[in-house]
Amino acid sequence: MAISVAARLAARRALEPLPLLEGDQDDGTLNKTLLGYVWRRPGKGWLLLVGLGLTGTALLTVAVVITVAKGIGMWGNNIPVAWAFGIINFVWWIGIGHAGTLISAILLLFQQKWRTSINRFAEAMTLFAVLQAALFPVLHTGRPWFAIYWLFPYPSTNRIWPQFKSPLMWDVFAVSTYFITSLLFWYLGLIPDLAALRDSSSKRWMRRVYGIMSFGWRGSARHWHHYKIAYLLLAGLATPLVLSVHTIVSYDFAVSIVPGWHETIFPPYFVAGAVFSGFAMVMTLMVPARRFLRLKHVVTPRHLEAMCKIMLTTSLIVGYGYLMEHFISWYSGNAADFYQYANRRGILHGPFKSAAQDPYIPIFWLMVFCNVVVPSIFWTKWGRTNVYVMWFASILINVGMWCERFVIVVISLHRDYLPSSWTIYKPTWVDLSLLFGTICFFSTLFLLFLKFLPAVAVQEVKELRHELDTEHERHELPEFSQEAIHPMELEVGEEDEQEEKLR
Amino acid sequence: MKRLVLAEFASPEPMVEAARKLRESGRQGLDAYSPYPVHGIDEALKLPRSKVPLMALVAGLTGAAGGYVLQWWTNAVDYLINVANRPAHAWPTNIPVTFESGVLLCALSLFFGTLFYFFRLPRPYHPVFESEEFRSASLDKFWVSAELKEGEDGQDLVRTLRDLGARRVTQVAEET
Amino acid sequence: MPSLKLPIVQAHGDERAQWRSLEERRRGIAAEGEFPPGAAEVGTTSRREFVQLLGATVAFAGTAGCFKIPGEQILPYTRQPEEIVPGRPLHYATSMTLGGRATGLLVTAHEGRPTKVEGNPEHPSSLGATGLFEQASILQLYDPNRAAVLQQNGRPRSWREFLAVQHDRALALRRKDGGAGLRFLLEPGTSPLVADLRARIRTLFPNARFRSYSAVSNDGVARGAQLAFGTVLDTQFDLSKARVIACLEADPLHPWPGSIPAMRAWADKREPGPEMNRLYAVECALSVTGMNSDHRLRIRPSQLAPIALALAAKVGSGQGLLAPLTPVAAKVRLDEKQQRFVDVLAADLRAAGRAGVVIAGPRTSPLVQALAHAINTALASEAARHRKSALHDPDDGAAGLRELATEIRSGTVDTLVVTAVNPVHTAPYDLNLATAFDAVPNSIYRGLYEDETSKRCAWFVPATHPLEEWGDARAHDGTVTFVQPLLQPLLNGITEAQILSAFLGEGDKSPYAMLREYWRSARNDADAAWEKWISDGFIAGTATAPESPQVRMEAVAAAALAARFEVPAGALELNVVPDYRLYDGRFANDVWLQETPDPVTKLTWGNAALMSPATARQLGVDTRDVIDIGLHGPPVHAPVLVIPGHADGAVTVSLGYGRGGAEQNAGGIGFDVAPLRRVDAPWGGSGLTVTKLGRRQPLAITQEHWSMEARDPALDMDLHDFEGRGRERIEDARAPVATMHTPWDYSKVQYKWGMAIDLSRCTGCSACMVACQSENNIPVVGKGNVEKSREMHWLRLDRYFSGSEDDPRAIAQPMLCVHCETAPCEYVCPVNATVHSDEGLNEMVYNRCIGTRYCSNNCPYKVRRFNYFNYTYDVTDLEKLRMNPDVTVRSRGVMEKCTYCVQRIERARIDSRVQERPIAEKEVQTACQQACPSRAIVFGNLHDKQHEVTKKHADERHYYVLNDLGTRPRTAYLARVRNPNPKLT
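Chains as they are written, first to last, in the working numbering: chain E, 6 to 508; chain W, 119 to 294; chain C, -5 to 979.
Check before you lean on any hint, since a few could be wrong.
Claimed, not checked - Restricting the straight-line Cα-Cα distance to at most 25 Å, the calculated cross-link-like pairs of lysine to any residue (SDA-like) are:
#	chain 1	residue 1	chain 2	residue 2
1	W	LYS139	E	HIS230
2	E	LYS208	W	LEU239
3	E	LYS75	C	VAL839
4	E	LYS233	W	PRO132
To be verified - DEER-style ranges, computed between Cβ atoms:
#	chain 1	residue 1	chain 2	residue 2	range
5	W	GLU131	E	PRO293	35 to 43 Å
6	E	ASN339	C	GLY778	30 to 38 Å
7	E	THR66	C	GLN612	26 to 34 Å
8	C	MET270	E	TYR336	36 to 44 Å
9	E	TRP434	C	MET270	51 to 59 Å
10	W	TRP191	E	LYS75	38 to 46 Å
11	W	GLU248	E	LYS208	18 to 26 Å
Please keep in mind that the hints were generated in silico from the structure rather than gathered at the bench.
For glycine and all other residues, C-beta sits at the position ideal for the given N, C-alpha and C.
In isolation and in its complexed conformation, chain E is listed as follows:
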């Protein structure tokens, strides 16, 4: 059986690029495969992972409580390094978030059909990532209990307003807008699938729950009529938004006068970095998900390859950014600027060896390795099609992008203008558990999402399937027998064999 499927897949590959949907699907099978697992009992692996996630989340809670109760002093921050893990994690998470919006919005606008299988997934990732990011701006302030509302322009009793020349104010607006918009975008896309869940649910209470969540959607043509436009417009809106958000995040640094921050190149370089890390994170999550959720027929090697290409491109942009920074630091002839980058590269020092050693040089080079060297493996077809390679690469890229933020935030600050205040920053256990904790919290949310909501935009896949079929008819592509075999019924092991064979 497996062989026959393989043969058929081979036959098709011979005729057209890697397929967007594997096996021949109809709406019924799609429902079964894409919604079915919601009704299955959670597997042991899932429960184990959620357990781990919740443990990490508990640690996060501890760290947050301690920070609020005792003060930022529990972190490693000092003067001059007044920003550190808090901001690093913030930028890292929000950057990760961007890929989601980008995948679903921009690709929708460009009519990239391959988008449909991963956009829901990516959008969810966006939401949860932004959720992690949103934790830090408030938490890192000295008095969060005020920051949480003094940052918003409301007529306060002391008749003082926020100061809109501060990039932090721009941040407040950008991040909150970004979160709300992507939430709405995601939910709007989810409604028809929630309805589908409602209608395919067996138990009465489930039907209730999904019925409420879907607002009573009934797929009326009059609704679809507005729905398509609204969804398209939201996508059109999200696209400039996602660019603006990371541009503004980059302003947090670019608008200041700190050497290593004050750079006109930052907006594009930050956006590229965001897309880079975002796609890496999608990849990190998607590779295992498509296997264990059995989505290989909708998330096909073609999707993965496309993502690899995007990562390659963005890594080139980011690499160019690094190159430019260092070139300009020399070209500008500005002492502070030149020292800043020399210090990052590890080419030190003045006539005196400073009493403080510099432990940060490895981090810079690790960043270069992860963000510039590793992705170049995607030049090869092999790198772009081997799931294991791309998975490890994507993880390394996530690490590299975290290092990039560390380099920008900490290394820039710890040696700025007056050498008298130069010092070394060391994170404390609270810093580390904040980073680790958010990762766990993120994974927990993601696991819950994977269990209780359709990880793939079912209605869009159906639409796509329909379009493809009609295309087949038009192009007189060989019609396939309707025997209802499809990969889900095969053992995962066999599946892999096929993929091996196919390469």
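Keeping the supplied structure of chain E fixed, place chains W and C upon it in accordance with the hints.
Then chains W and C, alone, in the frame of chain E:
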């Protein structure tokens, strides 16, 4: 009380066809249901051009204007103070917030406006839900619904729909 | 002769002078055996807990107590006390004595509680300025660890019991053998009152014996004078008369007791030009003076004498007074560098003639002192002023202690009265003073804290703080100075005079009565002039007359001939110095001083073994490595701190650390150097053994980076350079930077505040840091947080090195908020928490701040400080009294920084408005400006052409730090110009 005739089709094309025929026969209160937007159904039902873009535009502009005015009034009028010797009203620094607030209002209007105004949702109850089979409308089947006039028994309508290739035709009545 | 009266028989009217707590006070005289709560637990609880309990209880009593102004009439400096207006501080003249030298002070009191110490402008030793110790003394007054209870072997006793016991015993001693068993070990003093008491005690107890002791002793000076002049003289240096100054291990540019006038005079002659003075320093460890010298020769301690001899010979060059030295000097071997230095210096001194002076530090050997005297006499130097020493016992070194110790061991001592500060801790180890004290049957110790010494004494008497006592002393020039209390003793303190008077049977006399009576007897104009004296704080025109003694050259030559200079080659030498912050350890519990960085090493919260980079390489150690150092005795563990400019082949350690007393803040900080000191070599010697322990120890250093890395925040140039290319550098550093914004118009407002800091005048002594901390309620963050570089000082002193690592050029730069007109911190604050005032101050709005810390990131000067924790959370009620009510106490999570002392500006504004006149220049002085001994800081209205600050802002040396960032600071710096000898460059 409202009564509907529901007809289920296996694939989109016959449904579109049926919808068109019914409309051309001058039947009122037509609607179609599908798990995903079906090509051609709009003109089959002769749906008017959607007002959603207009709403979005208005909301977006309002948001942007509001954002700009907010910044100008708070920093340059109501609480004018020397901040780092910068001009109190510096338009370049106002661009980001202006843009963001525009986007925000636009997005809010798109979601809630469409849902609550154009779709008239949330609506947990609708006569079509009276029929169990209708659950397939969000999964893999395609439905057409037509409203029956007062006193009309609808037998001929059922017949027409069967002729148009409906697999299954049922009649539902709104609960009172 | 007066008969001994039993003190208790007739109670003098003055009971309120001693009461232990409010309750007791209300009840009148204390009943027997009534102690503050906690006393009952003796035996059941540990001694330490017991002391803490007492401390706490009495502290609360004190809070209430201190609002009483003393019973006697005390006279305010400017206005009458009876009209205390709430919110209006009063200023009282008083003084603080250190090493027997009194510095006149003006103390600010809010509603009866002293809050700030300033210098007394008319006092010769202060000239309106203060050093670190005076500034920080206010914290000591409110120190909750201060001892509160008079004890006998740990059991609380009342003052009256003490008097009764001591009186009987003294009576017996006197009857026995005229008090042969009575010994006094006093803090070096110059108080006329104490002198009188001593005299009277000697008449009663002919065989009693008085000695003084201080770890930072004066005996070297005394013996040097003895050798040179045949009599003990004290020498001060009037640097306003000096054009060439040579310092041999002398440190006149740090505000040690009595050196403020020298600092002022030196700074006054640093204006670039022909009149500019030239400073040579010969020393082992880089000192504040060394940092400011025009030429510096780093030598091992053993090389000082030969160099002094060679210098003397060279200056004499075979003729005149110094002729006898020429043959002796032949035996001296100097290396090429030293020889060149000596030749040039000698030539310069000869050229300067009467305007030349050689200063030998108090730690140098009598021979070096004598040689310095000889040179000064030969030059007929006008700068050197010899006076009869005002000290009761000029020979206050360890030698006296040794005699005492032998007397004790021979069993002749029955009663020992100790008012010297903590001799058991500071005495050289070979005396083993602790065991000696144990052997004394009846030992009495008066101290501020229950320290190492109190543990060894039968009786412990809590001491008064200078701000709590009536007394007198003499200034560095002998001027009679008064000590006036600002409040009742908070914690039952007893003055030194009271203790002495106990042996005259007058222990129940109030300190005021004693002082008054003495002066009535001493001067017949006392009654008439008393009020003026007290309110001025001193008696004008009582300075001791200078003498011009003859140098006994043959004696000096003989001593030089007898001296042995050769040291085993390669032997490592030890150099012990008094600590810049803790003096001899008496300030160890003063957290302000603990957290003030050492002016040279920038080390806080501890001491370290200082050595040059070369020596460190040779020993294979680096900063933070822990080593064992020993000098013919038990070794001590010390962390290494490599510091450029230190002499090779020597290690420097400072006094005052490794304390084991009841002081909570002092315990476990640094290491005790006593094991390295011996009576005959208290300041070190050769043959130091060093072993690396392989451990590392964190050091709380506030500045890790030495180089300016081409940013040149502190411009430092030689005179000839200044007349050439240097001027361009300065002009570049103040050239206006192009900007898109139209500058804010300040011409409308009446005041445009600004500051100017003259780097040529600033010595880096750090007095301003403590002054700022005291004025602005700046919290102390503790060792751990300083290691994390979270210190809160609004004003810090940056110290940079340039040139070679072995022999660098060092410069100190006070760095505080420069109040940029285009402040980078402001536009990044999202909540308008830091904005500009209409007069151009960069203001920090604490209660609006949410603590994003963005402003700090964007501050190129990094002068903003953040409250990472709630540092003022657990301040005891006693400490709260210290707070300046005009300055907000900041809470957690808030950014703070220098405000140009806005509270002082506002007070002056109120006064000027009331009187409908503009604010005068002298009315607004920032705390740092007021404290600065060398007048390096000026502040004022840039709109007023008459104001000094305006003139400095027009000075050809003025520039702005990081000018090219276009921040347009309101604080201008004046480039440092040095005056090196062309022959040496």
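Exercise for the section: Check each numbered hint against the structure and report the violated ones by number, ascending. Expected result: Those not satisfied come down to hint 7.
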